[in-house]
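Novice: Let's have the full structure, built from the sequences with the hints guiding it.
Residue numbers (my numbering), protein chains in the order written: chain A, 841 to 1121; chain B, 841 to 1121.
Certain hints may be false.
Repeated chains share a single entry, so a pair holds when one copy, or any two copies, can fit it.
Think about it this way: if two alpha-carbon atoms lie no more than 30 Å apart in a straight line, the pair counts; the simulated DSBU-like pairs of lysine-lysine are [what the hints assert, rightly or not]:
id, residue 1, residue 2
1, 1014, 1077
2, 842, 1077
3, 1089, 867
4, 1106, 969
5, 969, 867
6, 867, 842
7, 969, 1014
8, 1014, 845
9, 969, 1077
10, 1014, 867
11, 842, 1014
To be clear, the hints were calculated from the coordinates, so they are not data collected in a lab.
All values derive from a computational prediction rather than experimental measurement.
Residue strings, one per chain:
Number of protein chains: 2
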Amino acid sequence: MKRLKTVAIVGVGLIGGSIGLALRERKLAERVIGIGRRQGSLRIARRVGAVTNTTIDLAGGVAEADLVVVCSPVALIVEHVRTAAQAMPEGALITDAGSTKQQIVAELEGALPPGRHFIGSHPLAGSEKTGASNAQADLFQGRIAIVTPSAANSAQEYDAISEFWQGLGSVVVKMPPEEHDRAMGMISHLPHLAASVLSATVPEQYFRLAGTGLRDTTRLAAGDPELWRQIVSTNRKNILTAIEQYGNKLAGLHSAIRDGDMDAVKEILTRGKNNRDALGS
Amino acid sequence: MKRLKTVAIVGVGLIGGSIGLALRERKLAERVIGIGRRQGSLRIARRVGAVTNTTIDLAGGVAEADLVVVCSPVALIVEHVRTAAQAMPEGALITDAGSTKQQIVAELEGALPPGRHFIGSHPLAGSEKTGASNAQADLFQGRIAIVTPSAANSAQEYDAISEFWQGLGSVVVKMPPEEHDRAMGMISHLPHLAASVLSATVPEQYFRLAGTGLRDTTRLAAGDPELWRQIVSTNRKNILTAIEQYGNKLAGLHSAIRDGDMDAVKEILTRGKNNRDALGS
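Specialist: And the structure:
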């Protein structure tokens, strides 16, 4: 990736802060402008060295940017992209880091001023931790970043955004927005919801008996409920399908146990083990 | 715990091997006899220093034991306890490390020769790893060991087994066998099965997109299907109840998403987060 003059990051939490840290540590941008709504988070972003400048003024912050990365919560991305696109220089690119893509890409298609181009991204590098205080320069190293160009995007735009994520150490995967959302419904949103529901099911009186198994299996449930409400809300159809497939398999296991069909039980456990072994540690 | 002369461990895998290592490192036993069916595992147990002697002869191995700890797979525990009890000295105690207790305790109650006493245990310190090669002397340090005395056990027997687990660093919790199995159904067996089914649900084509979230949530699915078939088989009623409670909450989440009731979705996510935060890291 060629060195950029000014990158503006809208939302300097874990993801935005880590992008800033990586850009600065790898000397990929001269200036990294952190844009946020609260002075408190901006102060943390400055303190950890994720940004060189900060502002609460979105329009002012993007005015000289070559690249704008919107790391806001999913429900705010479209609004922040629109506002940024009005104020950023002609020819500047804008991307995001949202966990869902289809709705965002569809709402932004053809909705920006001429010469301002949005192309969707999703770095697969979250954590149940939040905030710039947990930012890491190597958060994207070796991790997948999905880029979801639409028909409105040129090959040059795709290449530029790919280079950006590769510059941060990511492995870029290209996917249509709808395929991204279908895959994430299964591989990211379903595990989160399964963990949340499991955590919500275990009675408090048993907490003292919890071991590492329950802790691992429910770790995702610690994520921010409001952020996840937004993700669920923007990927409803795919999430419903994923829950149905999971629920059906769970009901199948229940029947097998109830009927004493221990061969069928072992078959489900074996399928689970084979898949898990294939995932790696 | 007062120093024992001879402890016999039947089954020197992860748990049996770790008990041996802990006994030897803490100098709690003069001799630790590892008993197994395969010379290969016995060799590993000797090599990692988990045992001082080994044998494939159960009766011979327990003949001089003050304490016998049966760490066999759940389905073999009753048989191994019976065989050991025939051969061990009068006054010797025998316990186990099985993940279910009610059936084992019930089958052994009143079934041993006079002067040989079984009292059930379950150290909550497993892992998806297996074998003495993964044994750790501190596996039980700070972890809970549940002891499940029955009406047939004296206070002295309970105290002796409690001291044994405390000697390995465990925090001992006393529970009736049926309460143990109810609690484990919810806090250990349900998470395992939820992880297995989740792992079995995710289509292979998406594996390359898997992040740490899916890996954490499905980690338990890597456990041995045969061992877990046995656990399911010996705790059917409680596991069915736990799956039903989980399945009902999952169905509730599905309805809320389908109906667009995002307040209800957030409520479930918030309950999950609060529980998870209470569990600690």
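Novice: When no copy is named, should residue 969 and residue 867 be tagged within, between, both, or neither for a Cα gap of at most 30 Å?
Specialist: Result: close within a single copy only, 26 Å intra versus 42 Å inter.
Novice: When Cα atoms must be at most 30 Å apart, do residue 1089 and residue 867 count as within-copy, between-copy, both, or neither?
Specialist: Neither way: residue 1089 and residue 867 sit 49 Å apart in one copy and 49 Å across, limit 30 Å.
Novice: Checking an output row: residue 842 and residue 1077, CA cutoff 30 Å. Within, between, both or neither?
Specialist: This pair counts as neither: shortest intra-copy Cα distance 39 Å, inter-copy 63 Å.
Novice: Within a copy, between copies, both or neither: where do residue 969 and residue 1014 come within 30 Å Cα-Cα?
Specialist: Within one copy, since 27 Å is at most 30 Å while 36 Å is not.
Novice: First find the shortest C-alpha distance between residue 867 and residue 842 inside one copy, then the shortest across copies, and answer within, between, both or neither for a cut-off of 30 Å.
Specialist: within (10 Å within a copy, 63 Å between copies)
Novice: One pair to classify: residue 1014 and residue 867, alpha carbons no more than 30 Å apart. Within, between, both, or neither?
Specialist: So residue 1014 and residue 867 pass the 30 Å test inside one copy only (26 Å; across, 59 Å).
Novice: Give the relationship of residue 1106 and residue 969 under a CA distance limit of 30 Å: within one copy only, between copies only, both, or neither.
Specialist: between (36 Å within a copy, 19 Å between copies)
Novice: Go through the copies and call it for residue 1014 and residue 845: within, between, both or neither, with a Cα cutoff of 30 Å.
Specialist: This pair counts as within: shortest intra-copy Cα distance 26 Å, inter-copy 65 Å.
Novice: Taking 30 Å as the upper bound on the Cα-Cα distance, should residue 1014 and residue 1077 be classified as within, between, both, or neither?
Specialist: within (22 Å within a copy, 47 Å between copies)
Novice: Using 30 Å as the alpha carbon limit, work out where residue 842 and residue 1014 are close: within a copy, between copies, both or neither.
Specialist: within (21 Å within a copy, 65 Å between copies)
Novice: Regarding residue 969 and residue 1077, is the shortest C-alpha distance of 30 Å or less found within a copy, between copies, in both, or in neither?
Specialist: within (27 Å within a copy, 37 Å between copies)
Checked against the numbered hints above, the structure violates hints 2 and 3; every other hint is satisfied.
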